[in-house]
Amino acid sequence: MAKKTILPFGPQHPVLPEPIQLQLVMEDEIVVEAIPAIGYVHRGLEKLTETKAIAENIFVVERICGICSFMHALCYCQGIESLMNITVPDRSRFLRVIWGELHRLHSHHLWLGLLADAFGFESLFMQCWRNREMVMDIMEMTAGSRVIISTNALGGVRRDIDSDQQKFILNSLNKLQEELDNIKRVFSDDYTVNKRLVDVAVISKEDAHELGAVGPVMRASGLSFDYRTTGYAAYNELDFEPIVEQSGDCYARMMVRLRECYQSIDIIRQAFAKLPEGPIASPVKGFPSGEIATRVEQPRGEVLYYIKANGTNHLDRLRVRTPTFANIPALLKMVKGLTLADIPIAILSIDPCISCTER
Amino acid sequence: MMGILQTAATKSPWIVHFDCGSCNGCDIEILACLTPLYDVERFGVLNVGNPKHADILVVSGTANYRNARVLRNVYDQMPWPKAVVAVGACASTGGIFRNCYNTLGGVDKVIPVDVYVPGCAAKPEAIMEGVLQAVQVLEKRKETGETYAG
Amino acid sequence: MFAMVKNVIKNLFSRPSTRLFPYQTREFFPNVRGSIDNDPEVCIYCGACQMRCPSEAIVVNRAEKVWTINPYKCILCGVCAQICPKKSIAIHSEYVHPQSSKVKKIRQKKVVEEAQSHA
Amino acid sequence: MNIQIIAATILLAPVIGGLIAGIDRIITARMQHRVGPPLLQPFYDVLKLLGKENIAVTNDQSLYAVLYLVFNVITLVMFVLQMDLLLILFMLLLAVASLVLGAMSANSPFSKIGAQRELIAILAYEPILISSVVGMYFVTGSFSISRILQIDRMLFIDLPLLFIAFTYVLTIKLRKSPFDFSTSHHGHQELVKGLTIEYSGPSLAMIEIAHWYETVLLLLFAGLFFANNLYVAVAAIAICYFAEILVDNIAARLTWQIMLKSTWIPGLLIAVVNMVWVYIKYHV
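Top to bottom, those sequences are chains A, B, C and D. So the first sequence is residues 1 to 359, counted in this note's numbering. So the second sequence is residues 360 to 509, counted in this note's numbering. So the third sequence is residues 510 to 628, counted in this note's numbering. So the fourth sequence is residues 629 to 912, counted in this note's numbering.
Chain A on its own, in the form it takes in the complex (with noise of 0.2 Å):
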């Protein structure tokens, strides 16, 4: 009978730069359970919102989080736009998608790169983290700001992508598959990389299901599903197809993210093609009334915003709810009965985002 050790994991760790606990009790370097802690980027955003303006909200919601910011903006204007039936300009949701999966890349481009200093692929990480830097210049090109940029608007957006803008995104894009290319051949092909991921913290189709796992972790696990299929913004004019691995384990969410950049990148040129000339934003006048609520797929799974409002300038009451909250039962599934090494590559594979889970 071994002796079981708690090994404390965070809240400051290096591998989980998020503060969140997880006291794993271990037999040898098996862990036989996680007891997660919480509350430690606890800061009762939601309570906020209720004292701002619906404006202003816009600012408060994109600090949910910084690594999607822009789907969690949004996600709360079309939430909003739909309770004042505000119909937005064509331009502006064209340009929504532009921006969503430009963050859809750079979330996947930092979660890449985490995941190869999680398995401690130094160089790997770094190469991942080079590449994201061409999408962080077209960010602070377009909207300004690297990472919050702020560039939803109630009733449209805030910002105009002009010819010269579009020129030197494309041109980016094309670098940044050739970048890509060479990256996934290490991911996938790479011997000390495989070893590493397959076959580790597996979630088979029916646990994803039963477990309501949302986003890439589903999608590993051979479910089709993407909320942008249901055609918000403007995906319902652009083709494509939701990426699906069959086997899920850590190296099939990894796949699904890699092969998502790529679609990401095929999603913007398809949308630069069709961007509609117009005004970005329609007028807004007056407050909603009602309760509605809205889903984003973001780049870790679909976000859900509950909203409801009384017809004056601030709402009643706005619920969050993310992606990683959804991911965490099938996380602690997961980590149960894995070695200490495989840890932080299960708790990385789906992604978590700490500071959304717990705003």
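In short, the hints are calculated from the structure, not lab data. Hints should not be assumed to be uniformly reliable.
[Stated by the list, open to error] DSS-like mimics (lysine-lysine), calculated; alpha carbons at most 30 Å apart, straight line:
| no. | chain 1 | residue 1 | chain 2 | residue 2 |
| --- | --- | --- | --- | --- |
| 1 | C | K574 | A | K52 |
| 2 | A | K175 | C | K515 |
| 3 | D | K889 | A | K3 |
| 4 | B | K370 | B | K499 |
| 5 | C | K611 | C | K596 |
| 6 | B | K370 | C | K611 |
| 7 | B | K468 | C | K613 |
| 8 | B | K468 | A | K52 |
| 9 | C | K519 | A | K184 |
Let chain A serve as the given structure and place chains B, C and D on it in line with the hints.
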């Protein structure tokens, strides 16, 4: 001999990063500082991830009731001389989350802060500049032999 | 097994992609949100920016015609510049430099004191 | 004469070791498309650590750090004085043992698991190290370095497979990826810094300096395979170390299970094949 020790202290600032309730925006910019385009290792900066090895504590995000104790712990575990850099509007004053019910405000409510880096999210250039300023603080502490001041 | 070798060797024999900050500063893109400034001569001290600032970083004293921004509270959303009726608030691409204390940026109308003394 | 050699070794080895570490860091940075730290960075690091506060969690911890350094110095001095190779290996083992004991003495799960992994690493590389020494014995008829150096034959010609096995375990000894699971050069692993997590300030500096001695010793050991020609030996050491850096940058960290399998099955196999071959060649 002491002179060599002092110059060495300014050439090898090891950082430990603690995310206190940040939205990840500043965190990923801190990480971006380590990556090829910014490469803080040029100044000898390493992200050691272990407070016992670190000289500079880089904090992002607001302190809240839950993580204030952890933040204090991380700070206390660092060997003297040490310096603290607060990255981003949240770490400096609480930023947009200042009025949330669970936040205490800036991290200077919990630990003494030496350099404030503004921005939301702070640019990698600003973060690097902040770390280099903290190095100056370290040098001064080394010279004066300042010890625990609270 | 050696999929990474090609990348690594290519990196080894090409110039590093590092931006040599602070020895070389990079040119920011136009319209980058770095710092917020106000032209005290154009500003009418209406206080609209104070009202709309999501993080309450701007304080306008209408009586004494003083406009103050705390860059350590500012989240650089750009709303103030967008809604300013006189367009006196400008966003510069140069970021606010780190400091050891939280210094506020104060913009004050210079002629104010003279005008008051005449009155 | 001996005292001069000993003094020169003790003074020069950390300089060389530190420079090697500096070159290593620059080449690694370039491989990652970065500029990297200045060449003297490892010295700055160590000098800085020496000037820092020493936080010890147990009484014996700092003692074990000193012991680790002392044993490494003794091992290197023994090597330079051309003493018995088997004895040198055992002294090296003592050095690692004090590092493990130091990690075990701290009541931290991270450092304890790091220590356990280091013990497994010893289990993996020690047979190969011993068999390469035994292989040298079969060729030269002696465990003593002074006798080995007198042979005017390149040992590599007789022991190519053992040299390959030796460079393989060199990755474990130098704590390079893919086998850097007990402690690693950068802190981004599940054990943070593993073995050395509880050390700080001067004790950590001592461990760093000890690493430099160890690096010099191991590279000299690799040079022993080419001992009759100095230029070839230096070139071989350089190529060997470059290969280590390259492997460090092209591989993910593996688990100790894979390490044990790969050192014991193919590693020991080629070592034994080589040993049998030289035994038949020289003794039958």
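So, going through the hints one by one against the coordinates:
As the CA atoms of K574/C and K52/A are separated by approximately 26 Å, the hinted pair is consistent with the 30 Å bound. The straight-line distance between the Cα atoms of K175/A and K515/C is roughly 17 Å, inside the 30 Å bound, and the hint therefore holds. Restraint check: the Cα-Cα separation between K889/D and K3/A comes to about 25 Å, which is no more than 30 Å; the hinted pair holds. Distance restraint check for K370/B and K499/B: the Cα-Cα separation of roughly 14 Å lies within the 30 Å cut-off, and the hinted pair is therefore satisfied.
About 26 Å separates the Cα atoms of K611/C and K596/C, which keeps this hinted pair within 30 Å; it holds. Between the alpha carbons of K370/B and K611/C the distance comes to roughly 27 Å, so the proposed pair stays at or under 30 Å and holds. As the CA atoms of K468/B and K613/C are separated by approximately 19 Å, the hinted pair is consistent with the 30 Å bound. Simply put, K468/B and K52/A have alpha-carbon atoms about 25 Å apart, close enough for the 30 Å limit, and the pair holds.
Using a Cα cut-off of 30 Å, the hinted pair K519/C and K184/A holds, with the two alpha carbons roughly 16 Å apart.
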